[in-house]
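Position chain R against the provided structure of chain C, taking the given hints into account.
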Amino acid sequence: MIHATAWYIWLLAALSVLLGTRNPLYLIVLLAEMALVVEALYAPTGEKLRAPVAPGRFALFVVPAGALFNVLTTHTGATVLLRLPEAIPLLGGPLTLEGLVYGAINGLSLAALFTAFTVLNLAVPIRDLIRLAPRAFYPLAVVVSVAVTFVPTTLRQIQEVREAQAVRGRRMRGLRDWLPLFMPLLIGGLEHALQLAEALTARGFASSDAPFDAPRDQGVRYGLLGALLLLLTGGLLRLAWNLQVWGWLLMLLGAVLFGWALRRAGRSAPRSTYRRIPWTRADTLITLGAALTVIPLWLRAGAARLYSPYPALTLPLFDPWVGLAFLGLTLPVFQLYRARVAAAGAAL
Amino acid sequence: MKDRKSILLSSLIYLITNLVGLVGFFYPFFLPLLSADRAQAASPWLMTLLVGFCFVALLLEVQGDALNARFVALLGVLVALNAVLRFIETAIPGPGGFSPIFFLILTTGYVFGARFGFLMGALTLLVSALITGGVGPWLPYQMFTAGWVGATAAGLRVFRLEGRRGEVALLVALGAVWGLFYGMLMNLYFWPFAAGLGDQQWTAGLSWIAGFQRYAAFYVATSLAWDIVGALGNVLLLSFFAAPTLRALRRFRRRFTFIYQAEAL
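Protein chains in written order, with numbering that gives the first Met the number 0: chain C, 0 to 347; chain R, 0 to 264.
Next comes chain R alone, as it looks inside the complex:
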């Protein structure tokens, strides 16, 4: 049984790490409100550093609270399955931003909870990067964002629609939102690094409105069509496969509740 202090400390860690994670993605819009100094030009590096520390702290907290033998086995095997889907997608690219990995991240997050969903998202990206040679500076951001995808799916449980007709519609809607939002967030992390001249690029000292306008122009010109295909892919996969997948996952959730009781010989 957890004591109150432990819950408080854990909640504080979750709150700070997720808030800083969000700030780390969205800082190009509000940084000028803090300072109009030229030192802002160095801020992308500072934010990357802060996001990195927060992500490591979040992983440490999530793993400590969630892992036991059943959790390790289930997570490991499902991550392997999802990483293989991404491996196939890398070998035979789908249209636009279509990626099959979000389907399983969303459904497992919904069935097994926020911690499982977060780790499923983050570790799917890590393992698939390891097997396809995709380790790079983008990886911590991808892991953070994919983790959020899984964790938010668990938030749908507040509607108490488990096993009812509306749950698939909810997952489909969330899949559509994340199809677009994942691309938007991932663009944000490198947008300030691609600084230069032009009406679509981030420069230090922009007001948040000007920053937002420039990012919107950049996003529409470079990524919107790509991400719409990704969102449509999520919608189709969830519409066709979510119901049987949820049934299978729930059946195994019950089977995974065995308890080991040591007996003295």
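Same shape as in the complex, but just chain C:
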């Protein structure tokens, strides 16, 4: 099992390269590699993807849609494919090949970003995502845990209410017919909440009106305020007066103070870890692979990194070393297959 933190570092590396390039060749390579990771994650269980749309289907929609939208609304570029009458608002004018390619690159970039997040959604169980929340957010993590736990109960409840209404001969025709489904669901949920609140109170969980029986730590508030003011001032120095170094310095100080405030806020939150997930050598390799993916793009790629088809379409450059470094993102595939082979061997 790959550690959730290793997946987060993998995601950060993927986002860094995806947001750092507009070269369609690099984007296609990255998309293909991430699709391999999705496939490796998807294959062992055969379960339905925990994503609203499969990444492949999303790419098939968003790339042509991006190209079409851009070619119809952007009338710039040297290679004219077609001319629409100028009288048509927004759409009238020359439709260019450069506009088409630019829109397709936009779509490609979006599809790759979507695939990167799909990897995270598939790879990291919800409980591990919640577990990684900073201790300062312990109360909210409890709310999210309660909500996630109640989702299957609520779905079951919907089914029960629907069946009960069907037995009475009620059919869903108009919007008003949904009320007899919704109200029992809401009231049943509120009854559950009341029982849960009593159970939590009986177990001594934050039972008084003062949350968590502790006075608020004013140091945390001072820290947060100071951090926000430093971040804002740093941002303003950069944007309004173009003082880049001072701006970054203040923002860095603000971020450090913010981290301190979060840490201090987390001290009052109790946390028991019953099962610690070990960090393995494979996790280190995945982390290093992800880090190595980022460096060559920023060091070597130069003009090839930021490709633009305007004003006249040219072929994008491709640095093979950068392409090779992208392979670092595929390391989870090897680890996933290795784990699967080991599991199959153990089963025999």
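Among the hints, a few may not be true.
[As the list claims (entries may be wrong)] Going by beta-carbon spacing under 8 angstroms, a handful of chain R positions derived as facing chain C:
| id | residue |
| --- | --- |
| 1 | V19 |
| 2 | L21 |
| 3 | A82 |
| 4 | F240 |
The hints are simulated quantities; they were obtained by calculation from the structure and are not laboratory data.
Even for Gly, the Cβ is constructed at its ideal location relative to N, Cα and C.
Positioned in the frame of chain C, the structure of chain R alone reads:
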């Protein structure tokens, strides 16, 4: 009992975080007033960073002030219910921008107050993203905006119409406004990132009027029809379901006021 210093600090945090949140959404229109430098091209990333920090600070402040066992249980269960509604909507998409989640965010925010409404909005989006695999860079913006939807519903209480006829009409009006405004705000966060050529796209150095014109053209071309359906959906749901839902929520608000008193054995 809270002391004056605590209230002042808390209010300052709310003020700064919400102001920066608003600035983070609307900066494409007024950034050129600050600077005409080319470094503006990097500003979307800077603003995203600032909005992220502010949202985390706001969540920390809201959770600390609001949560106890009853609050945790009530919020958790209602968020689960709303997340299931979004799950169903993802599985069987409604027409256009129709989404059933705002109905419960608005009604709970109105009955239980601004903090509850804010957390209800933000956590509904978080939990539904977790169960449907919708975690992505859009999520903090969705959480921030949905939080505002819930918090503004509590603002309707200043009209003191609780239990009277006009309250549903007020909620319906707010639902219609947010149906359009939610889409407008969510478009704004990614509009500068989709920078390129054309009359509808953001480019560094635009005046606020030119920026507004371009965004208006972009919004009308891409989202207006979609968001009108969303607003109509809110209007219909609130018109039909708000009155009985408000009655049920109020009844449970009274039942949730039990107080635990520890006794020595």
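Do the hints match the structure? See the list:
Taken as an interface hint, V19(R) checks out: its beta carbon lies about 7 angstroms from the nearest beta carbon of chain C, inside 8 angstroms. Taking 8 angstroms as the C-beta cut-off, the interface hint given for L21(R) is violated, the closest approach to chain C being about 13 angstroms. Taking 8 angstroms as the C-beta contact cut-off toward chain C, the hint placing A82(R) at the interface holds, the least distance being around 6 angstroms. Taken as an interface hint, F240(R) checks out: its beta carbon lies about 6 angstroms from the nearest beta carbon of chain C, inside 8 angstroms.
Figure legend: structure checked against the earlier numbered hints; the only hint not met is number 2.
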